[in-house]
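Visitor: Next come the chains, spelled out residue by residue.
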Amino acid sequence: MSVEVSARSYWIGYQTILIKEITRILRIWAQTLIPPVITMSLYFVIFGAIIGRRVGEMGGLPYMEFIVPGLIMLSVITNAYGNITSSFFGAKFGKHVEELLVSPLPPWIILAGYVSGAVFRALTVGVLVWLVAAFFSGFHMYNVAVTISILFLTAIVFSLAGFINAIYAQKFDDISIIPTFVLQPLTYLGGVFFSVSLLPGITQQIALVNPIVYMVNAFRYGLLGVSDIPLWIAYAITLGFGTVLFVICLTLLKRGIGLRS
Amino acid sequence: MKALEVNQLKKTYRNGVVALKGIDLSVEEGDFFALLGPNGAGKSTLIGIVSSLVNASAGETKVFDISVQKQRSRAMAEIGLVPQEVNFNQFEKPFDIVVNQAGYYGVPRGVAKERAEYYLKKLSLWEPAFRMARTLSGGMKRRLLIARAMVHQPRLLILDEPTAGVDIEIRRSMWKFISEINAAGTTVILTTHYLEEAENLCRNIAIIDHGEIVENTSIKHLLGKLDIETFVLDLREPITSLPELDGVELVLRDPTTIEASMPKSRSLNRLFRVLEEHGMEVCSMRNKANRLEELFVRLVNLDQEDAA
Chain A
1 MSVEVSARSY WIGYQTILIK EITRILRIWA QTLIPPVITM SLYFVIFGAI
51 IGRRVGEMGG LPYMEFIVPG LIMLSVITNA YGNITSSFFG AKFGKHVEEL
101 LVSPLPPWII LAGYVSGAVF RALTVGVLVW LVAAFFSGFH MYNVAVTISI
151 LFLTAIVFSL AGFINAIYAQ KFDDISIIPT FVLQPLTYLG GVFFSVSLLP
201 GITQQIALVN PIVYMVNAFR YGLLGVSDIP LWIAYAITLG FGTVLFVICL
251 TLLKRGIGLR S
Chain V
1001 MKALEVNQLK KTYRNGVVAL KGIDLSVEEG DFFALLGPNG AGKSTLIGIV
1051 SSLVNASAGE TKVFDISVQK QRSRAMAEIG LVPQEVNFNQ FEKPFDIVVN
1101 QAGYYGVPRG VAKERAEYYL KKLSLWEPAF RMARTLSGGM KRRLLIARAM
1151 VHQPRLLILD EPTAGVDIEI RRSMWKFISE INAAGTTVIL TTHYLEEAEN
1201 LCRNIAIIDH GEIVENTSIK HLLGKLDIET FVLDLREPIT SLPELDGVEL
1251 VLRDPTTIEA SMPKSRSLNR LFRVLEEHGM EVCSMRNKAN RLEELFVRLV
1301 NLDQEDAA
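Just so you know, the protein sequences line up as chains A and V, in that order.
Each residue of the first sequence is one higher than the one before, counting from 1 in the working numbering.
Each residue of the second sequence is one higher than the one before, counting from 1001 in the working numbering.
These are calculated hints, taken from the structure and not from any lab test.
All of these numbers come straight from a predicted model, not from anything done at the bench.
Glycine is no exception: its CB is placed at the ideal position from the N, C-alpha and C atoms.
Some hints here could point you the wrong way.
Distance ranges between label pairs, derived from CB positions [stated by the list, open to error]:
(1) V:Y1118 / A:D173: 37 to 45 Å
(2) A:D173 / V:T1257: 52 to 60 Å
(3) A:D173 / V:S1057: 44 to 52 Å
Cross-link-like lysine to any residue pairs, in silico, SDA-like; alpha carbons within 25 Å at most [stated by the list, open to error]:
(4) V:K1070 / A:L189
(5) V:K1093 / A:K254
(6) V:K1070 / A:Y14
(7) A:K92 / V:N1055
(8) A:K95 / V:Q1069
(9) A:K95 / V:N1055
(10) A:K254 / V:K1288
(11) A:K92 / V:F1177
(12) V:K1062 / A:W108
(13) V:K1113 / A:R24
(14) V:K1288 / V:E1196
(15) A:K171 / V:G1016
(16) A:K95 / V:L1053
(17) V:K1093 / A:L250
Stretch-level coverage of chain V by chain A, calculated; a stretch enters the list once three of its residues show a Cβ under 8 Å from a Cβ in chain A [stated by the list, open to error]:
(18) 1080 to 1091
(19) 1106 to 1117
(20) 1131 to 1140
Could you build the full structure based on these sequences and the hints that come with them?
Guide: As C-alpha cells, this is what we get:
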C-alpha cells in the first residue's frame, strides 16, 4: 500500500525538512549560533563603546544605538545565507539531496523547508545579537510590526539568494565566494555603520542601488523610528527581490539544474 | 496492471553520450524482474529516469499507469529506490534517516517511527540504529538503504546492485528479505552483477546493452535458449592426454581436471563410458559457470559484434 499524495502529506514533508534543519542547527550550536554572537559583541565593544564615544551622534542618535539595527541585520543576512548554502550544498555534495529528489515532494515544499530552516537560524542569531545589543545600549522597539516583518522578509530574501548559490556550487569554495566578495561589501556599505545621507553626491545615489540599504533602514525605523529611506520603498524593494529570487529558485529546482542529470 | 511501462525512452547527456536509444520495456505488477547489462549499458540511466533523478530526452515512463513526466509526485509515491551508491547523510543516525525519509513521503511521524523500528529490526539494524551512520559497516549501509526505501511501503521497489560488496551471508539474508517483500505483493526490479542472484530470484529479465534492450523475456525461456553446457570433471589420477569424443569438446585444464562442453541434447552417460574405457575415474563434477552468465556473455558479445 503506497502513500496518498495530498496537502497533508506535503505538510508532513515540509515539517520533516524543517525539523531536520532545526535539529542540525541546534546539534552544531557551537558553529551555528555562538560565533556570530561573539563577533557582534566585539563590534559593539569596539565600534560602539570605544570608537562610538568619539563619533558622537549619527542620524540624530548616539552612535552605539545607531549601529544596533545594522549589526542585527548583518548577522541575520549572513546567517540566513550561510545556513542554506552550507546545508543544501552539503546535501548535494553528500548526495543525500537525492532522498528529497526521489520523493513525491514538489519543488516549492523542498524550497520552503530549507528556507524556513535558514530563517530559523537567522532569527535565532538575530535575537541573541539583539540581547547582546540590549546589554550595551538598552532595549528599543519603535514599531513591532515593521521590526518583525522586515526581519522575516530579509531572512527569506537572503535564504533564497543562498539557495541559488548552493544550486550552482560545484565545490565548497563556490559557497564562500559570494559571501566574501559580494555579500560582505554590500552589507558593510549598506548603512550598517553610517547614515547614507552622509555620503557625498553621486556616492549616495550609488549606495541606493544596494538593496541592503533599504532593509537596514526599514529595520532601523522599526527599532528606533529613524530611516534615510521612505518605508514603502524599502518594503517594495525587499518584496520585489524576494519574489524574483523565489521564482528563480523554483525554476532551477523544477528544471533540476545542478541536481538532476 | 503494469508496474512499469517505458515507451521509446531516449536519453542523451549534455556531453553527447547517448545512454538510451529509444527503449520499450514493461514490468507486470507483482513481478520480480531482473535488469542486467554490462557497465555503461544504460541501466542506471533507466533507473534514474524512472525515479526522476535523470530527465529523459524523449519518450514516456509510467509507474502503475501514472506518468513520471506528467504526474511526478504521484508516480514517486509508488516507488522505493535502493541506489547503487550510499547516499544518506553519514552524520545522521540510521533511525533518523529512515524516519525522515518516511516524512518526505507524508507518513506521520508516529507511524514512521514504528515502521522504522520494524524495518531496521527486520534487516538486523536495530542494534546500531542510534549510532552515527558513518560507523556502520558496508553491509549495514546497504541494508539501511533497503530499510529507507521500504519505509513508505512502495508498490514498486527498485534495487540498483543492492548486494555489491556484501558478503555471502548478508547477501543471502537480503535475498530472503527481498523475496518476502515480493511475495507480499511488492513488484521488485533488480539490477545486479551477480547473475546467480538474478537466476535464483527473478522471474523475468531484460538485458540492456549500448542503450538498447537486447533481450526481454522470462528467465525460464532465456535459459531454455542455452544449448551448450560446460562441466568441470575432477579426476582421481593425473592424465597426460584426452580421448576423442564426437560432439563433445574436451579440454585438459590441469593433469586432474577436464572441461567438457557439449550440447544439452547429448547424454552424459556416453562421456562417462568413454572416460572409463580410457581408465579415467571421475571423482566429482560441477557446472563450469552460472548458466545465466553464459547467456549474458553470449548476448552482450553478439550485440557488440552487430555493432562492429
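Visitor: With a cut-off of 25 Å on the C-alpha distance, tell me whether A:K95 and V:L1053 pass.
Guide: holds (11 Å)
Visitor: For the pair we were handed, V:K1070 and A:Y14, check the Cα-Cα distance against 25 Å.
Guide: holds (22 Å)
Visitor: Is V:K1093 within 25 Å of A:L250, Cα to Cα?
Guide: violated (30 Å)
Visitor: Tell me whether the statement that chain A covers the stretch 1080 to 1091 of chain V is true, taking a Cβ distance below 8 Å and needing three residues at minimum.
Guide: holds (count 7)
Visitor: Has the hinted range 44 to 52 Å been met by the Cβ atoms of A:D173 and V:S1057?
Guide: 32 Å Cβ-Cβ, so the 44 to 52 Å window is violated.
Visitor: If you draw a straight line from the CA of V:K1070 to the CA of A:L189, is it 25 Å or shorter?
Guide: violated (47 Å)
Visitor: Does A:W108 lie within 25 Å of V:K1062 when you go C-alpha to C-alpha?
Guide: holds (23 Å)
Visitor: Checking C-beta pairs, does the stretch 1106 to 1117 of chain V have three or more residues closer than 8 Å to chain A?
Guide: holds (count 4)
Visitor: Given the hint that A:K92 pairs with V:N1055, does the C-alpha gap stay at or below 25 Å?
Guide: holds (17 Å)
Visitor: Check the hint pairing V:K1113 with A:R24 against an upper bound of 25 Å on the C-alpha distance.
Guide: holds (19 Å)
Visitor: So the hint says 52 to 60 Å: do the beta-carbon atoms of A:D173 and V:T1257 match that?
Guide: holds (58 Å)
Visitor: Taking a Cβ-Cβ distance under 8 Å as contact, does the stretch 1131 to 1140 of chain V have three or more residues in contact with chain A?
Guide: Answer violated; 0 residues pass the 8 Å Cβ test.
The structure fails to meet hints 3, 4, 5, 10, 11, 17, 20 from the earlier list, while all remaining hints are met.
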